[in-house]
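**Student:** Sequence:
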Amino acid sequence: MLTGAVLLHPWLGTAVSIFLLYTTIAARDLVRHSTDVYTALATGDLPEARRRVGMIVGRDTANLDEAGVARAAVESVAESMVDGVTAPLFFALLGGPMAAMLYKTVNTMDSMFGYKNERYLKFGWAAARLDDIVNFVPARLTSMLIPAAAFLLRLDVKGALFILLRDRGRHASPNSGHTEAAVAGAIGIQLGGPNLYFGQLLEKPSIGDPIRPIEPQDILRVNRLMLAGSCLTFIFLLTLRYQIVLHLSRFIIC
Numbered sequence: 001m002l003t004g005a006v007l008l009h010p011w012l013g014t015a016v017s018i019f020l021l022y023t024t025i026a027a028r029d030l031v032r033h034s035t036d037v038y039t040a041l042a043t044g045d046l047p048e049a050r051r052r053v054g055m056i057v058g059r060d061t062a063n064l065d066e067a068g069v070a071r072a073a074v075e076s077v078a079e080s081m082v083d084g085v086t087a088p089l090f091f092a093l094l095g096g097p098m099a100a101m102l103y104k105t106v107n108t109m110d111s112m113f114g115y116k117n118e119r120y121l122k123f124g125w126a127a128a129r130l131d132d133i134v135n136f137v138p139a140r141l142t143s144m145l146i147p148a149a150a151f152l153l154r155l156d157v158k159g160a161l162f163i164l165l166r167d168r169g170r171h172a173s174p175n176s177g178h179t180e181a182a183v184a185g186a187i188g189i190q191l192g193g194p195n196l197y198f199g200q201l202l203e204k205p206s207i208g209d210p211i212r213p214i215e216p217q218d219i220l221r222v223n224r225l226m227l228a229g230s231c232l233t234f235i236f237l238l239t240l241r242y243q244i245v246l247h248l249s250r251f252i253i254c
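Here my numbering is used: the first residue of the sequence shown is 1, the next is one more, and so on.
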């Protein structure tokens, strides 16, 4: 598709490239779905908030209280910041929109088959490990720029750095803990803790300090942090790509 568009006209190729990249970015969906959760909580409709948050998390939501719903939404946005926004941008700047789409294919395989069950045990394990590998650099790069985003938003920069360094390894995923820790520190809340999955209680390590209770407004805060952090990551990657191309061109000329 992309090759054919380029052959027809360079501008058409550019338009198709932008469209393909757009399909890999989920920032708008993250904000929309999480804001729906916030709106339901803000209007006192807890059953609707549970239903809404159940659309973006895998845990059981039927019995969550207001704080539990808010925590689930915050954790979802913090974790999805990488695979939904910054990782596709990372691979797009490395290898174009097709690289971003290849990344999303890996990420989708992990979402569909990355659970350990008898039917997909080996394939699911491979999909999960491959997803861990491709997210390794984007997750760490994004988490290192979240404190800068916190500075722009007048959140807790020192807290973001401290909790990132202290709690980044306190997650089952080798990558998700980085962004969740930075977000928890920036906002001043504690993530993790007990969750129900298919009726089974799973106690997750806590990330961050319970400086104050989680509240619905934290959903809006994490959305702003996600957008600011994603923009900073994009600017950093674009600058890095420009510098690499510039140095390579000078090397070739010499």
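No wet-lab data here; the hints were simulated from the structure. Be careful, since some hints might not be right.
[Unchecked claim] Computed Cβ-Cβ distance ranges for the label pairs, DEER-style: (1) 47 / 14: 44 to 54 angstroms; (2) 126 / 213: 32 to 42 angstroms; (3) 242 / 19: 15 to 25 angstroms; (4) 239 / 174: 21 to 31 angstroms; (5) 166 / 58: 41 to 51 angstroms; (6) 235 / 32: 21 to 31 angstroms; (7) 15 / 125: 38 to 48 angstroms.
None of these values were measured; they are calculated from a predicted model. Where is the CB? At the ideal position from N, CA and C, for every residue including glycine.
**Student:** Run every hint past the structure and note whether it holds.
**Tutor:** To see whether the hints hold, each was checked on the structure:
no., hint, result
1, 47 / 14: 44 to 54 angstroms, "46 angstroms, holds"
2, 126 / 213: 32 to 42 angstroms, "41 angstroms, holds"
3, 242 / 19: 15 to 25 angstroms, "23 angstroms, holds"
4, 239 / 174: 21 to 31 angstroms, "27 angstroms, holds"
5, 166 / 58: 41 to 51 angstroms, "26 angstroms, violated"
6, 235 / 32: 21 to 31 angstroms, "24 angstroms, holds"
7, 15 / 125: 38 to 48 angstroms, "39 angstroms, holds"
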